[in-house]
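Residue numbers (this note's numbering), protein chains in the order written: chain A, 859 to 1209; chain B, 142 to 673.
No lab work stands behind these hints: they were computed from the structure. Glycine is no exception: its CB is placed at the ideal position from the N, C-alpha and C atoms. Hints should not be assumed to be uniformly reliable.
[Said to hold, decoys possible] Using 30 Å as the maximum straight-line C-alpha spacing, the simulated BS3-like pairs for lysine-lysine come out as follows:
1. A:K1080 / B:K355
2. A:K1091 / A:K1080
3. A:K1091 / A:K988
4. B:K355 / B:K616
5. B:K403 / B:K355
6. A:K1080 / B:K403
7. A:K988 / B:K499
8. A:K988 / B:K355
9. A:K1091 / B:K262
10. A:K1080 / B:K499
11. A:K1080 / B:K554
[Stated by the list, open to error] Not everything, but these chain B residues come out facing chain A in the computed CB check (under 7 Å):
12. G228
13. M243
14. V245
15. T247
16. G257
17. T261
18. V267
19. T268
20. V426
21. V427
22. V447
[Unchecked claim] The following residues of chain B were derived to be distant from chain A, with all beta-carbon distances above 10 Å:
23. Q222
24. G265
25. I266
26. K309
27. G531
Residues per chain, in single letters:
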Amino acid sequence: MNAPSLTRRQGLVIGVILFGLLTLGLIIDGGRQLISDVTGVLSVSYLTSAIRLTVPIAFAAMGGIFAEKTGVINIGLEGLLIIGAFGAVASLYALSATPIGANIWLAFVLAILASTFVALLFAIVCIEFKADQIIAGLAVWLIALGFAPFASIIIWSRTSSPSVGTFSTVSIPGLAALPSIGPLFEATPPVFLLALAVPFSWYLLNRTTFGMWIEASGEDPKSLDTAGVDVRKVRYAGVLLSGVYCGIGGAGLALNTGQFVGSGDTMIDGRGWIGLTAYLIGNYNPVGAFLASFLFAGLDALQLQLQQIAGYDVSSTLVEIIPYVAVLVVLTFVGRTRMPSAAGEHYESDE
Amino acid sequence: MSPDERDRRAATGTPSSVHLDGITKRFPGVIANDDVDLEVERGTIHALIGENGAGKTTLMNVLYGLYEPTAGTVRIDGEPQTFEDPGDAMDVGIGMIHQHFMLVDTMTVAENVVLGNEPTKWGGIVTDRARANRETQALADRYGLEVEPTELIEEISVGEQQRVEILKTLYRGADILILDEPTAVLTPQEVESLFDILRELIAEGKTIIFITHKLGEALEVADEISVLRTGELVGTVDAETATREELARMMVGRDVLLEVDKPAASRGDLVLDVEDATVEDDRGVVAADSVSLGVHEGEVVGIAGVDGNGQSELIEAITGLRKLTSGTITFDGRDITTDSRRSRVSAGMAYVAEDRQKRSLVMEYELRRNGLLGRQHLRPFSDGRLIDWGATADYVDDVIEAYDVRPTDPSAKAHSLSGGNQQKFIVGREFERDPSLVIASQPTRGVDIGSIEFIHNRLLELRADGKAVLVVSSKLDEVTQLSDRLAVMYDGDLIAVVDPETVTENELGLLMAGERPEDLDLDGARIRGTPA
Chain A
859 MNAPSLTRRQ GLVIGVILFG LLTLGLIIDG GRQLISDVTG VLSVSYLTSA IRLTVPIAFA
919 AMGGIFAEKT GVINIGLEGL LIIGAFGAVA SLYALSATPI GANIWLAFVL AILASTFVAL
979 LFAIVCIEFK ADQIIAGLAV WLIALGFAPF ASIIIWSRTS SPSVGTFSTV SIPGLAALPS
1039 IGPLFEATPP VFLLALAVPF SWYLLNRTTF GMWIEASGED PKSLDTAGVD VRKVRYAGVL
1099 LSGVYCGIGG AGLALNTGQF VGSGDTMIDG RGWIGLTAYL IGNYNPVGAF LASFLFAGLD
1159 ALQLQLQQIA GYDVSSTLVE IIPYVAVLVV LTFVGRTRMP SAAGEHYESD E
Chain B
142 MSPDERDRRA ATGTPSSVHL DGITKRFPGV IANDDVDLEV ERGTIHALIG ENGAGKTTLM
202 NVLYGLYEPT AGTVRIDGEP QTFEDPGDAM DVGIGMIHQH FMLVDTMTVA ENVVLGNEPT
262 KWGGIVTDRA RANRETQALA DRYGLEVEPT ELIEEISVGE QQRVEILKTL YRGADILILD
322 EPTAVLTPQE VESLFDILRE LIAEGKTIIF ITHKLGEALE VADEISVLRT GELVGTVDAE
382 TATREELARM MVGRDVLLEV DKPAASRGDL VLDVEDATVE DDRGVVAADS VSLGVHEGEV
442 VGIAGVDGNG QSELIEAITG LRKLTSGTIT FDGRDITTDS RRSRVSAGMA YVAEDRQKRS
502 LVMEYELRRN GLLGRQHLRP FSDGRLIDWG ATADYVDDVI EAYDVRPTDP SAKAHSLSGG
562 NQQKFIVGRE FERDPSLVIA SQPTRGVDIG SIEFIHNRLL ELRADGKAVL VVSSKLDEVT
622 QLSDRLAVMY DGDLIAVVDP ETVTENELGL LMAGERPEDL DLDGARIRGT PA
């Protein structure tokens, strides 16, 4: 179970994407100007906004890793993020009407519980009733996609909520005062949670006994079973963890903007799907998944800033397809992403 | 063991390590074990032999706690035991080494050894890898099992993987080790080293139960041999004094001809003519290098060689599953080099493939549909448009009966049959279609000795009927007994065609190891250098 290294693969992908973007720029608007504008945009404030955009993608990606490594492919990450986002805003809205008041941390925890509860339902359907994991995952997404705006209309009479409050920025004493990179240490709590969750997830998977069981459960559940470890429990744990992570990611996003937007693809807007591609590119390594998430979020932020600052007319749709193109490139040409052997397969003990 | 001796043992307080008393195990409609008594003494190797479906594995699953017996008791060191699950059996020191390894490919040797019983540090959360490696190494050294604790399972050989399996059970404190057909996947050298390990283990006081259907292995390594037939214990014999013939008779219930009785060949026209065939493997490496070989009517040609020397690729080229890089194949006087698989089948080429589950059967199909496979476009199974299920059912019923396939139900799915029965079914399906050429790759792999005898006789009957037969086998005795001419392949070359009557096993072994025939003291009569 040696940690898959962040080898040439990631480097190559990053190279391909940057190359693609530059080519795009050359075609659109004479490259030199673009390059100087891009470098002009790359500031610390750009970096902080890119990291903020990374939060939901990276949490979904790491959650997906935990589920899939135990052998349950969870493609419902997008749906769980929606539940997390909606849960956070709805909880905060409801709490403000109670004597407890609008406690943002309590709303955050309730959102995580909501997303974990949906993940539990998904786990029961997949593990107990042996449903097809892909179809069950799609159902999670579609149900969340329908439920959240529907509930919004019931509560607020429209698909989006009013502003309910946001996490306030936290500064790390000392570090935040540093010149130039100081603003990186001034962020909302979900960003710091992400900074902790990446090494924590890596350690959990690669150093702990539980991580070993997760690996065995996804690679060869029968071996784990004969070794006396209950495969079902490990798989439940993996799926529930994906629920917890998506809850953090979704709530983190919603409590940053302070509002739930339920129109169209909701405010999650495909970030769960991008998270899925991110962990494939990261080859099931939380660090790789984080880097891929950061890259995709960074491109998104770049696109936004270029449009605002330099007035470029790069279609956002074009930028949005980059993660999917990248994952196709990786899976087709690099081909070293290795799925857990038993992912997607049901396991039934002989006993 | 006589009742007297049993009483004496009980009186002197030295009970057998394992004592199965009247074990009966019924499944719906089947009695897998019928009142079986078995005693295994501490510090011995006990072989459990029997044909496919004789109930060996069921009996051991009872001992291992996977099945609860319908009747009877299991006693370990004299103490009656009831096992709810394999964990309970493990608690009293019983470990099973399965035929299919229970190892996680992406984890290291040591991680697999400790899985489920991990040494931990820092409050029991973190696996202590250094200690796992150290303990694995110590255990390996103690029992003479050569492994490298930090290597990944996917990077080590099958023989090494088996040693890891043994280490796993030892790590969990097993005193009684059950090995289910442990030699099935091993090379002859690996088998020898496994036997050395088993001897080392009993020297350390372990008790070993060894399930096999290979008589030679049971005689070589075991102290005592118990024979099961149709769920009943036929008897237990001392391996020192037992003979192959005696054991074969006990297993099958009648005398078995271990030697094939072969009348002289009456060779007719050339049926298959392979000329300068060069074939590449999946990686594009030349696997068979300008091989020439002919097979005549009424003749069995054998191909001997260690697995992986190009035999498989050559056969796939002849049967139309793989393209030739160069060379020609002529069948019944017609050039079929570029013909499709389907047209080769239609022309009367029968093929028993090496990998029965990948190439010969659809595991999710019942026998009836599997019986049709490959001939679904030919009469009498089809009129060219619609399948005649009546004719198919008749054919499949005949095959099942003639080849003693069990269960006899044509609507049973292929995966519900044991490997030996699958093989019998395939052989029957292919042989009974009135082919003019039969190509049989490993025709008796995984088949018990009663069925081996039957399949060999059928092959010789086909020969007597004037069919051309090409047999590839890694079992030397099989190809030497069946063949009229024996080709030896080494590293993609067909290095010699010899007369199986006169060639010695030693000479064959040297040829298979790459020795050139001209370097051996083979006289002209014994080498038949001409390929046709």
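* Structure-inconsistent hints, enumerated in ascending order -> 6, 8, 20, 21, 22, 24, 25 and 26
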